[in-house]
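Single-letter residue listing:
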Amino acid sequence: RKEVEQDPGPFNVPEGATVAFNCTYSNSASQSFFWYRQDCRKEPKLLMSVYSSGNEDGRFTAQLNRASQYISLLIRDSKLSDSATYLCAVKGDDMRFGAGTRLTVKP
Amino acid sequence: EPEVTQTPSHQVTQMGQEVILRCVPISNHLYFYWYRQILGQKVEFLVSFYNNEISEKSEIFDDQFSVERPDGSNFTLKIRSTKLEDSAMYFCASSVDSSSYNEQFFGPGTRLTVL
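From first to last, the protein sequence lines are chains A and B.
One point on numbering: in the working numbering, the residue at position 1 of the first sequence is 349, and numbering is uninterrupted.
One point on numbering: in the working numbering, the residue at position 95 of the second sequence is 163, and numbering is uninterrupted.
Don't take every hint at face value.
So, partial list: chain A residues that the calculated Cβ filter (under 10 Å) puts toward chain B [as the list claims (entries may be wrong)]: (1) F382; (2) R407; (3) D442; (4) M443; (5) G446.
Just so you know, these hints were derived from the structure itself, not from any lab.
Every residue gets a Cβ at the ideal spot worked out from N, C-alpha and C, and that includes glycine.
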């Protein structure tokens, strides 16, 4: 089983749509969880941390379910500029990334 | 805004040669990391470094690899006797500390091509 698993997509959505990404992880001792955004041939940039109680930052909402070892990211009112690959990352002793989910937002 | 910088942006080398990839972490950060990303694949952790020694390393980080902080600003990754499969993007990152939600800031990466 992969350590951090994501649906690779691609997700092709129109502007204004709501889209959700899921991620599962195998290490139950993982301590912290993140969503990163990566544009083509660029470095990962932190989008948001994921807290146990769930958290929201503008149009972005992240949820964590420790019992199911699952995290999610919801993007509301998607913009063209949201087009990117979204990486789930899980930190235990070190940081492990999922392979990413590719999102394309179309006019 | 402070940022992590990396040089060179692209390195081409012949198989069997040694390469050194350089990074300048953010100045008040104490933890440093190297990751690699083979084209089309996921970002993979290589090593973390604190207080002039390796704190964690992955199964990828074998004897072919070494890291060093030669002075107060640079953090380097040396790859000895490069192989074709070492071709990848190498990202350096740094963080203030290693606490759970402390953000790791990534540099722009060095694209290594081994011919």
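Evaluation of the provided hints:
1. Interface restraint check: A/F382 against chain B, minimum CB-CB distance 8 Å, threshold 10 Å, status holds.
2. For A/R407, the shortest C-beta to C-beta distance to chain B is roughly 20 Å, which exceeds 10 Å, and the interface hint is violated.
3. For the restraint placing A/D442 at the interface with chain B, the shortest Cβ-Cβ distance is roughly 5 Å, inside the 10 Å limit, so the hint holds.
4. Taken as an interface hint, A/M443 checks out: its beta carbon lies about 5 Å from the nearest beta carbon of chain B, inside 10 Å.
5. The closest approach between the C-beta of A/G446 and any C-beta of chain B is roughly 6 Å, which is under the 10 Å cut-off, so the hint is satisfied.
Going down the numbered hints, you'll see the structure goes against just number 2.
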